[in-house]
Structures are given as C-alpha cells and as structure tokens.
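Each chain, letter by letter, is given below.
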Amino acid sequence: MKHTLSVLVENKPGVLTRVAGLFARRGFNIDSLVVAQTEDPELSRMTITTEEQDQPVEQVAKQLHKLINVIKITDLEPGASVERELLLIKVKADAQTRGDILQMVEIFGARIVDVTSDVLLIDMTGTPDKVGAFIDLLAPFGIVEQMRTGRLAMSRGRKAT
Amino acid sequence: MKASRVILEALTREGVDTIFGFPGGQVIPLYDALYDLPGITHILARHEQGAGHAADGYARASGKVGVCLATSGPGATNLVTPIANAYMDSVPMVAITGQVSRHLIGLDSFQEADITGITLPIVKHSYLVKKSADLPRIIREAFHIAGTGRPGPVLIDIPVDVTKEDMDFDPSEVPQMRLPGYKPTVQGHIRQIREAARVIAAAERPVIYAGGGVVISGASDELRDVALYGHIPVATTLTGKGCFPEDHDLSMGMVGMHGTPYANYALSQADLVFAVGVRFDDRVTGKVDAFAPHAKFVHVDVDPAEISKNVAIDVPIVGDAKHVLAALLTELKKLNLSPERHLRWMGQVEGWKRDHPLVIREPENGEIMPEWAVNKIWEVTAGEAIICTEVGQHQMWAAQHYLCRHPRQFISSGGLGTMGFGFPAAIGAQVAKPGQLVIDIAGDGSFQMTLQELATAVQYGLPVKVCIMNNQWLGMVRQWQELFWNSRYSQTCMECQPDFVKLAEAYGAEGHRVSRPEDLEEVLRVAFASPGPAVIDIRVKREANVYPMIPAGGTVHDMMEREL
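Protein chains in written order, with numbering that gives the first Met the number 0: chain U, 0 to 160; chain Y, 0 to 563.
Keep in mind the hints are simulated off the structure, nothing from the lab. Backbone N, C-alpha and C define an ideal beta-carbon position, used for all residues, glycine too. Misleading hints may appear alongside valid ones.
Chain Y is faced by these chain U residues, among others (derived, beta-carbon under 10 Å) [said to hold, decoys possible]:
{"#": "1", "residue": "Leu7"}
{"#": "2", "residue": "Glu41"}
{"#": "3", "residue": "Gln54"}
{"#": "4", "residue": "Lys61"}
{"#": "5", "residue": "Asp74"}
{"#": "6", "residue": "Ile106"}
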C-alpha cells in the first residue's frame, strides 16, 4: 500500500541526506520526494511517497522522528488530503495530430507552454492519477520527454498538515 | 578569544574534565588551547579507536557524557567503530573531529574525509561547524542530545580555520538551544501505566526482562522495588547486567543465546513479559515468532521507535524507566498484590534453576576451564570489580559467571560486538572510577586488536588488569565452525601470538602467565593488588565451548545445555 508522508523539517544543509539515507537503510523505497521551503523560511516540507513492504510504514515514521532535524510527520490519508503533481511533457505533433492533442489539453485543463513545428510542450497539474491518465492518452502521439515532480499533498480542512 | 579556546570553555561548562584523544594537523589549534587549560585532563591514546572506546567506557562507568577528540581524515575514520559501538549500545558520547579548512572542503584535500557523511547512519546527530559564532550553541546542543532521551553519540566536525578565528565569548552567557524537533518523552502516560499494573497483577506467570535502558536511566532501585513487590523473577540482557542484583533469589541471570536455561525456560512459559529498557535483540529472542509465545507484552522504553519494532507490544509505555517504574509501583500497590499469588510459578522457576544450573566445570587433567577461571576472578574480587570485556567466548563466560550486583559494573560491547573494545573501555572506566578495581576479561584474539593502549595505561598509571582467556583460537567463530560448519576451522587458529608476559613488560606493565589451575588464585591476588596495569595470560582449555547455547534463529527447544 502506498503512503504519503508529509515531513516538516528544519531547513538546514544535510537534512535531505539524513532523511533519504534513513529510508534506504531501514529498507524502504522512496517512490517520489518533493522538498521546498515553507511559509517559514527556517522550515522545509518534504512530501514522500513510499510503498509499504515487509515492515509497517509506522516504523520508518518513528525512525524519522528520531532525526533531530525532523519536527513533525503526518501520514496523509488519501481521502482526507488533496494531492497534486506537476507534469511537463513534450509530445510530437504534426498538422494532422495537433488538433487532437489540443483537445486533450483542453479537457484536462493543461496548458501549451512552447510550440515548434513538430513538438508541443505541455504543462499540467492534477492528482497523480489524472497526470497518469493524461500521459497514457498522449503516449500514442509519441512522447519526446516527460518530467513529473512527484506527489505533493496537504491535509483538508482548517488544521495545518 | 580564539575559537579553539571557546570550544574548551564550552566543554568545561558542560562539566567535561577528561578528554580522550589523539592530535593531528587539523586539531593543532585545539591542542594548543588545551596546553593552557589545566581544568581538562587529556588522555593520549595510542590510536583514535582506543580514544573512542575509552570515552565509551568512561561514559558507561560514570553515567557522564564521554568525549573523544581526533584529527581529520584518518583520525576521524578511526573513530567510526567507537561511534557505531556507542550508537548501538546507547552510550552518551561527543566525538570532536578536526576538518580541513572550509575553502578546502570537497576538494579531496590532504587528510580530508567527509566524516559527517560517513557517520550519518551511526550518530544520534552530527554537526559540521561553518561559523565560529555557532560553536557555543552547537556544543551545548551536542551534550544535551547525547545525554538525554535515548543517549547516543554526537559528532562535531570543526574545520581548522574555524578554530583559529577570534570571537566574543562570555562563559556566563548560556547559549539558547534551537532544537524544535527534539523532545524526548520522560513521563510515561498514566493510563498506560495503570493498564500495565492491571495486566501485571492479573498475570500468573510473569517475567521481567530488563536491559541497558534500566542502567542508563538509573532505575535499578525502582526496578528492584517493582520486582520485589510483585514477586516477579528478573532476566537481564547483556547490557542490563547488574541492573538487578544477580545473587538475588528473583534473579534469573542473563537471557538469550548464551543465557541461563532457567531464564529462557521462564520466558518460553511466561504469560506476561514486562520488558524495560530493552530492544528485543535477535541475540535475546532467537526465532522471534517463538519468543515468549504465550505472553502478553508490556514494554517500557524512552525510544518510541523500539515499541513493536521486533515484537508486537500489548501495553506500550514510552518514557524514562525511572519515572515509569516509580509510577508503576504506586499503581501496583493500589491493587494490593498478595505475595502468594503465583507461588506455583515461583516454584517452577526454582525447579528450573535446580535442574538446569549453569555449570562451572572444574579443572580436568591440569587444564583450566575458562568459566572456572572467570568464577575465580569473581571469588577473588568478591564480585565487586568493574568488569569490561572484549567480544567472543570469554565475553559470554564473563557474562554468565561474573555475577554483578550493581549497575555500571559490567561494560561490554553488546550491540555492535566490537572485538578490541574492552581494554580501551577499561582504561576509560578506570579514569572515571580511579578507586575501583577494573578488569578487562579478554580473549587472545580481541586483546591483540587494541593492545597498543598498554602504553596509555602505563603512561597514566591506570592499574587496569587484563585477564586473557587464552585458547589460541578465535574461539567463538571456532565454536560455530565446530557446531555448524563440520569442524572446518577456516582461519580461526591463532597459535602464532606474542608472548603476552614479555609484551606487557616491554610496555612497562606487569605480566603473568598461568598454565596450572592451582596457580590461578595466587596470581590473580598478586596482580589485582599491584598498583600498576597488569596482563594475566591465562592458558585455558583450548577447545572449550560456551554453553548453554541456543543457535541463532532457534528456540528454547534447540538449546544445547552442555558439551555433548
């Protein structure tokens, strides 16, 4: 089962290494990892997606808590949180296919950010599932390159994550 | 004030009066500052590993934070084993390393090693100091982190140019710590404690399983009160030895692979395991699914990550053992436990003790049995010496047969299992406890790993006694090869060894050799009474094995009680 851990850490050098190293040595794979400063410049937020394998995710969360620079960890429930991912994708497009692609872009609420005679560069945000579906639909046209940021997530409601 | 001086002033403020170290290029400014500061004693080891283990032994014997100091590069990497050792056994330690100047970091400079990177998995926390102004705060935080909660090693890596800077320092101004993510839980949750009391009171076959956490927390008295009030037999781990007096009726000695049969039988039949300051190590549990299969588990630990890590816990209590046990006793007393409530169980434990005692084999054909030698050491010292050990067969014989009455009396590398730990640790323990007899029960293999520290013991007049259980084998591996690898003794025979008596004398220590059982007691008495360090080369039966033994991953049913 996939878990999304939202980890509030001190914004200091080496913290990412400590967190990533801990996942590796406790036998957990990181599927995706997003890190950036929060509203408080002294703090960073890491959103880590990991697959639960032999050991419960609770174990890695407890171990993470032992890192001095880690302040708070939330295991986000899919239903109680909003998830987003950003996609940049370069798709082959000629005179015949361009119209179909533009239609897809419209439906998914994506945006064209660069156009050449044979390629479209598209930017899209959505839930990871939606991003996946969009990529699947574009695949037949020929994907030149794609980049995903990985999952970002925030709890719903008034309380901070 | 020079930053190098500030570092020492800040250490002094943390109560440091002893540093174990070894100089080198990038710590010359620090050593220069040390030259002027009579308040700190520096013990010059002969290898950084010796300095690190000595700081560890000092910390375990005294309960204070041990401090070691080394230069950059190889000096720092030589501290890796001591840091890992301290991490595994939760020993409070601050390791200070020199680093190349800031503008040379990352350029593969001379004697540069990324020691913060190398030690990341084996430290409780680490710092690379970038600004001299941060030093007072970092040192304060390092000691706080190392010594509180579940203790552990903290590394401070200081570039040499930082230590040369001038800075303002006011010793009366205590720097503010900034540790928003560090808040160890001390008090246990009272509802959990009440639940634990209820479960313990309801148990018919309870066992206390106590470990190093009880020693660290200073909770021996509280543990004894709970055990006595509840009439609960106590088994301890290797690192927990002495947290409950081993000559007490309720003591079952050590549990686990080489534990006593009765401790292991009791756990296998218990309906309640009250675990305090332990981590359900595989050397204790054996096959983890079959560990105490009929029991409910109550687990007290200051580290929440230990709860349900290896064994699912029914009643977890996160908190410091001393606080939790005191609160638990209050709750237990409210339940008015009758001393007769599990007489049958106590009878059963007594029966196991009677029918399956630890065996001390008397000398045979003029050969000294190693456990008999350990027992002699125990008799001669009236069980009151501080015992350090190396790692291997001798360590287990020492654990089985040197019964301890006091916490911090038995100092051994439990988690990492570091050969070469015991002797430098004994030096550290002797520095911490100058008036006490400190003995390193060693193997011939282990002692050869750090014996250069004989020079340290001699230089500082530290009267540490090394008792080598010399069988000219790497005995524990040899035992496994005999039992599980068809007696194929690959690379474990160590017949080529120095003359330990001459070696000791070459260093200026006393050397003794004992080959005949009838000489042992007298030699021990003479060596223990002498004012300086001594090495006693005890020639023991070469192929003696450690029993009882539960093979790795086995259960109590697989126990080999004695030589077949």
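Hints, one by one, checked against the model:
About 8 Å separates the beta-carbon of leucine 7 of chain U from the nearest beta-carbon of chain Y, less than 10 Å, and the hint is met. Using the Cβ-Cβ criterion of 10 Å, the hint placing glutamate 41 of chain U at the interface with chain Y is satisfied: the shortest such distance is roughly 9 Å. Given the 10 Å rule on beta carbons, the hint for glutamine 54 of chain U holds: about 9 Å separates it from the nearest Cβ of chain Y. Interface hint status for lysine 61 of chain U: upheld, as the beta-carbon distance to the closest one in chain Y is roughly 4 Å, under 10 Å.
Given the 10 Å rule on beta carbons, the hint for aspartate 74 of chain U is violated: about 15 Å separates it from the nearest Cβ of chain Y. At a threshold of 10 Å, the smallest CB-CB gap from isoleucine 106 of chain U to chain Y is about 44 Å, leaving the interface hint violated.
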